[in-house]
Amino acid sequence: MSVTICDTAAQAVAGVSDGSTVLVGGFGLAGMPVQLIEALIEQGATGLTVVSNNAGNGDTGLAALLAQGRVRKVMCSFPRQADSYIFDDLYRSGRIELEVIPQGTLAERIRAGGAGIGAFYSPTGVGTPLAQGRETRELDGRTYVLEYPITGDVALIGAHRSDRLGNLVYRKTARNFGPVMATAAALVAAQVSEVVATGALDPEAVVTPGIYVDRVVAV
Amino acid sequence: MSVTICDTAAQAVAGVSDGSTVLVGGFGLAGMPVQLIEALIEQGATGLTVVSNNAGNGDTGLAALLAQGRVRKVMCSFPRQADSYIFDDLYRSGRIELEVIPQGTLAERIRAGGAGIGAFYSPTGVGTPLAQGRETRELDGRTYVLEYPITGDVALIGAHRSDRLGNLVYRKTARNFGPVMATAAALVAAQVSEVVATGALDPEAVVTPGIYVDRVVAV
Amino acid sequence: MSLDKHQMAALVARDIPAGAYVNLGIGQPTLVADHLAPDSGVVLHTENGMLSMGPAAPGDAADPDLINAGKVPVTELPGAAYFHHADSFAMMRGGHLDVCVLGAFQVSVTGDLANWHTGDPDAIPAVGGAMDLAIGAKSVYVMMTLFARDGSPKLVPACTYPLTGVGCVDRVYTDLATFTITGDAVIVRETFGISVGELSDRLALPLR
Amino acid sequence: MSLDKHQMAALVARDIPAGAYVNLGIGQPTLVADHLAPDSGVVLHTENGMLSMGPAAPGDAADPDLINAGKVPVTELPGAAYFHHADSFAMMRGGHLDVCVLGAFQVSVTGDLANWHTGDPDAIPAVGGAMDLAIGAKSVYVMMTLFARDGSPKLVPACTYPLTGVGCVDRVYTDLATFTITGDAVIVRETFGISVGELSDRLALPLR
Chain A
639 MSVTICDTAA
649 QAVAGVSDGS
659 TVLVGGFGLA
669 GMPVQLIEAL
679 IEQGATGLTV
689 VSNNAGNGDT
699 GLAALLAQGR
709 VRKVMCSFPR
719 QADSYIFDDL
729 YRSGRIELEV
739 IPQGTLAERI
749 RAGGAGIGAF
759 YSPTGVGTPL
769 AQGRETRELD
779 GRTYVLEYPI
789 TGDVALIGAH
799 RSDRLGNLVY
809 RKTARNFGPV
819 MATAAALVAA
829 QVSEVVATGA
839 LDPEAVVTPG
849 IYVDRVVAV
Chain B
639 MSVTICDTAA
649 QAVAGVSDGS
659 TVLVGGFGLA
669 GMPVQLIEAL
679 IEQGATGLTV
689 VSNNAGNGDT
699 GLAALLAQGR
709 VRKVMCSFPR
719 QADSYIFDDL
729 YRSGRIELEV
739 IPQGTLAERI
749 RAGGAGIGAF
759 YSPTGVGTPL
769 AQGRETRELD
779 GRTYVLEYPI
789 TGDVALIGAH
799 RSDRLGNLVY
809 RKTARNFGPV
819 MATAAALVAA
829 QVSEVVATGA
839 LDPEAVVTPG
849 IYVDRVVAV
Chain C
299 MSLDKHQMAA
309 LVARDIPAGA
319 YVNLGIGQPT
329 LVADHLAPDS
339 GVVLHTENGM
349 LSMGPAAPGD
359 AADPDLINAG
369 KVPVTELPGA
379 AYFHHADSFA
389 MMRGGHLDVC
399 VLGAFQVSVT
409 GDLANWHTGD
419 PDAIPAVGGA
429 MDLAIGAKSV
439 YVMMTLFARD
449 GSPKLVPACT
459 YPLTGVGCVD
469 RVYTDLATFT
479 ITGDAVIVRE
489 TFGISVGELS
499 DRLALPLR
Chain D
299 MSLDKHQMAA
309 LVARDIPAGA
319 YVNLGIGQPT
329 LVADHLAPDS
339 GVVLHTENGM
349 LSMGPAAPGD
359 AADPDLINAG
369 KVPVTELPGA
379 AYFHHADSFA
389 MMRGGHLDVC
399 VLGAFQVSVT
409 GDLANWHTGD
419 PDAIPAVGGA
429 MDLAIGAKSV
439 YVMMTLFARD
449 GSPKLVPACT
459 YPLTGVGCVD
469 RVYTDLATFT
479 ITGDAVIVRE
489 TFGISVGELS
499 DRLALPLR
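Protein chains in written order, with this note's numbering: chain A, 639 to 857; chain B, 639 to 857; chain C, 299 to 506; chain D, 299 to 506.
It is worth saying that the hints were derived from the structure and are not from the lab. All residues carry an ideal CB built from backbone N, CA and C; glycine is no exception. Worth double-checking, as some hints may not be accurate.
The following label-pair restraints were derived from C-beta to C-beta distances [to be verified]:
#1 313/D with 653/B: 19 to 29 Å
#2 824/A with 357/D: 52 to 62 Å
#3 316/D with 316/C: 25 to 35 Å
#4 838/A with 494/C: 35 to 45 Å
#5 360/D with 735/B: 54 to 64 Å
#6 338/D with 711/B: 40 to 50 Å
#7 711/B with 772/A: 52 to 62 Å
#8 362/C with 313/D: 42 to 52 Å
Covered stretches of chain A, as calculated for chain C (at least 3 residues, CB under 8 Å) [as the list claims (entries may be wrong)]:
#9 766-776
#10 801-811
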């Protein structure tokens with residue numbers, strides 16, 4: 639249904655429930671929806687499961703959400719970074735759950751969630767600890783592990799521009815997880831640098847069609 | 639490896655072997671690589687399996703290839719059309735094999751072939767004759783049918799412009815199957831209306847990166 | 299007093315919520331577009347890779363690269379987006395379309411849909427995107443005459459034609475009545491020139 | 299006479315075919331880019347969604363939206379293309395990259411790779427794209443010192459660290475020698491300041 643162009647980031651994250659699964663775009667800081675995360679901190683939802691490539695950097699954004707004890711579990715490919723000390727501390731003291739997922743499997747599981755795929759067989763991680771105890775299958779002479787879709791109650795993503803239908807374009811490598819996360823959540827909120835008139839985006843270059851987007855805020 | 643910018647369509651289809659599986663882009667005539675198909679007719683490979691949305695229109699292109707008796711099997715979603723008389727006749731007289739695949743499953747199986755996915759569970763077609771006798775699985779309360787990837791020895795696609803690295807952009811609904819087919823064949827040949835200088839395409843709007851493309855010909 | 303196809307299309311259009319993303323199947327369902335209010339904000343999807351599809355292109359403006367699922371030249375509205383087939387069907391299969399409107403040979407009382415194959419052994423099977431639409435859209439509306447030319451009902455206890463999808467139809471719009479299919483029951487919403495009792499008799503079905 | 303990391307990078311660069319599509323892993327493998335001939339036509343992929351990645355961006359030209367997999371600001375070359383993460387990893391998993399160059403903790407004689415986790419129970423596991431690259435690229439080159447700081451070999455009969463991928467490594471470039479891993483045997487290609495016999499003794503491995 640139609641997108642809502644919000645005046646504030648607070649409006650864009652209104653109504654997020656405790657216990658929600660939140661897909662958070664970005665790779666490092668590129669494409670990270672910093673203002674939406676800050677609004678979510680203000681909004682107050684807790685007991686969250688966060689699905690994101692990383693587990694926060696420094697003291698801001700995702701790290702700040704973690705620091706407030708609002709995240710029960712992180713599903714990501716690469717929590718450990720030079721400045722992931724907030725996550726590190728929570729993890730080491732047993733206050734946060736972690737599911738480590740190979741980066742491509744993470745992206746593909748989210749895509750599957752958005753594309754109505756019930757499960758898929760991936761060759762990634764076979765024979766490694768991340769596939770241990772998991773269902774595998776031999777197909778055409780190669781071993782695959784069964785992977786299940788990931789969907790979110792909410793997706794928070796950062797894009798470059800939106801038109802008033804919610805069509806999104808991204809900028810350079812800030813595209814990363816945004817387009818797949820936008821397909822896989824019940825409520826999709828995008829922060830953009832600019833909302834332009836409908837018709838101002840090149841239809842050949844739209845990456846996320848407005849059908850996937852519920853709320854947009856220019857920050 | 640690097641793309642070859644060909645002078646003729648004949649060069650672009652050189653070396654196709656008898657018995658090859660050929661992915662042919664296009665939906666109706668939009669995106670149909672007519673000149674490449676004509677070159678394949680000249681080239682002479684036979685006993686082909688053709689994977690395409692339709693099974694030829696009128697007397698030209700795919701229909702002409704069929705008329706020459708060069709196609710053993712068609713895998714497609716919609717063979718029957720107002721002007722599919724060449725296929726219809728071959729099929730009714732038992733001279734061609736047909737595998738009918740729901741259109742989205744066809745596209746997703748080709749995508750899986752290009753994306754290294756071993757198999758996937760789709761909800762499409764469950765409980766219909768097209769899923770009869772096939773492996774199904776209940777996941778999260780819904781029934782899915784197991785679908786296997788499709789790959790080609792060759793893909794023939796129609797695009798709009800290429801740069802000299804083989805990056806492709808398409809035009810409007812002529813995009814259709816080209817981008818997924820380009821990912822799923824050992825040899826990918828694209829016909830385009832124009833080859834432009836490297837750097838002339840907007841990197842944000844490239845749909846098929848050159849990594850997927852082996853041969854390009856301007857027609 | 300029964301409806302013609304334009305009146306049926308108008309009824310369907312009336313029930314499509316403002317701002318909905320909608321796929322109109324090949325054939326009669328395309329008529330629904332003519333009855334959508336210009337300010338409804340309804341966005342049309344065509345499975346061959348486009349959102350914000352506009353009306354059919356006038357002859358001299360036909361662009362062979364811009365066609366709908368029925369291969370008819372169409373136009374582009376502001377805010378359009380193009381995407382490839384895997385993305386287009388991911389959109390459908392993933393449940394992102396609000397409504398699709400399809401024609402049918404038969405619909406069962408539990409919402410099974412048969413619209414791709416008559417079962418005639420001589421017919422060449424061709425499914426296109428029908429199965430993806432049937433299981434993918436949040437709401438599936440069927441638009442059809444209630445009786446076939448031979449007088450047999452098309453709303454049936456169980457489909458005899460090969461299925462397109464199981465339990466997928468939510469509403470049925472016909473020349474004689476409109477129905478809601480709940481899974482447990484068939485509810486008559488409106489009738490046109492026929493009573494519910496008469497309908498129930500002619501269909502040999504319990505109706506509510 | 300052993301090689302430093304720049305010399306190792308130069309050896310790797312020499313073996314990358316002209317026109318190849320290549321992913322250079324985080325850390326030392328990124329040095330390989332400095333040794334590719336400008337006219338080689340090698341195209342660099344970064345897993346966070348880009349082809350035709352250029353060199354690191356000078357400080358004043360850093361664009362926070364244009365980074366590599368190590369989150370270092372980089373530049374864009376003519377002919378670049380951007381794509382999202384699912385597409386980027388489909389490219390990797392689907393076998394479209396010609397070569398990837400990775401660092402390693404250990405490589406086994408059958409080509410198993412361990413490069414994501416030391417197995418230390420205190421370490422926080424973090425895999426990133428390593429497993430996707432290991433199983434996806436047509437050729438996997440590993441670049442590492444041959445011995446760990448404690449003197450233990452990193453080319454081993456069987457990895458003791460948690461695996462990244464099974465039987466996936468094709469070539470190993472080290473400070474003391476380069477190797478081809480065939481699956482059946484480890485073949486010494488070149489040595490640097492050490493004989494093959496000495497190598498075999500220190501590694502306690504049969505070498506060819």
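Tested hints:
Distance hint for residue 313/D and residue 653/B: a CB-CB separation of about 27 Å, consistent with the stated range 19 to 29 Å. Checking the proposed 52 to 62 Å range against residue 824/A and residue 357/D shows it is violated: the Cβ atoms sit about 42 Å from each other. For residue 316/D and residue 316/C, the Cβ-Cβ distance of about 57 Å falls outside the hinted range of 25 to 35 Å, so the restraint is violated. For residue 838/A and residue 494/C, the hinted distance range of 35 to 45 Å is not satisfied, since their beta carbons lie about 52 Å from each other.
Distance hint check for residue 360/D and residue 735/B: the Cβ-Cβ separation is about 57 Å, which falls inside the suggested range of 54 to 64 Å. Judged by the Cβ atoms, the range 40 to 50 Å given for residue 338/D and residue 711/B holds: they are separated by roughly 42 Å. Between residue 711/B and residue 772/A the Cβ separation comes to about 36 Å, which falls outside the hinted range of 52 to 62 Å. In this structure the supplied range 42 to 52 Å holds for residue 362/C paired with residue 313/D, their Cβ-Cβ distance being about 47 Å.
Residues of the stretch 766-776 of chain A with a Cβ under 8 Å from some Cβ of chain C number 0, which does not satisfy the need for three, so the listed coverage is violated. Counting residues of the stretch 801-811 of chain A whose CB lies closer than 8 Å to any CB of chain C gives 4, so the stated coverage by that chain holds, three being the minimum.
Hints 2, 3, 4, 7 and 9, counting from the list given before, are not met by this structure.
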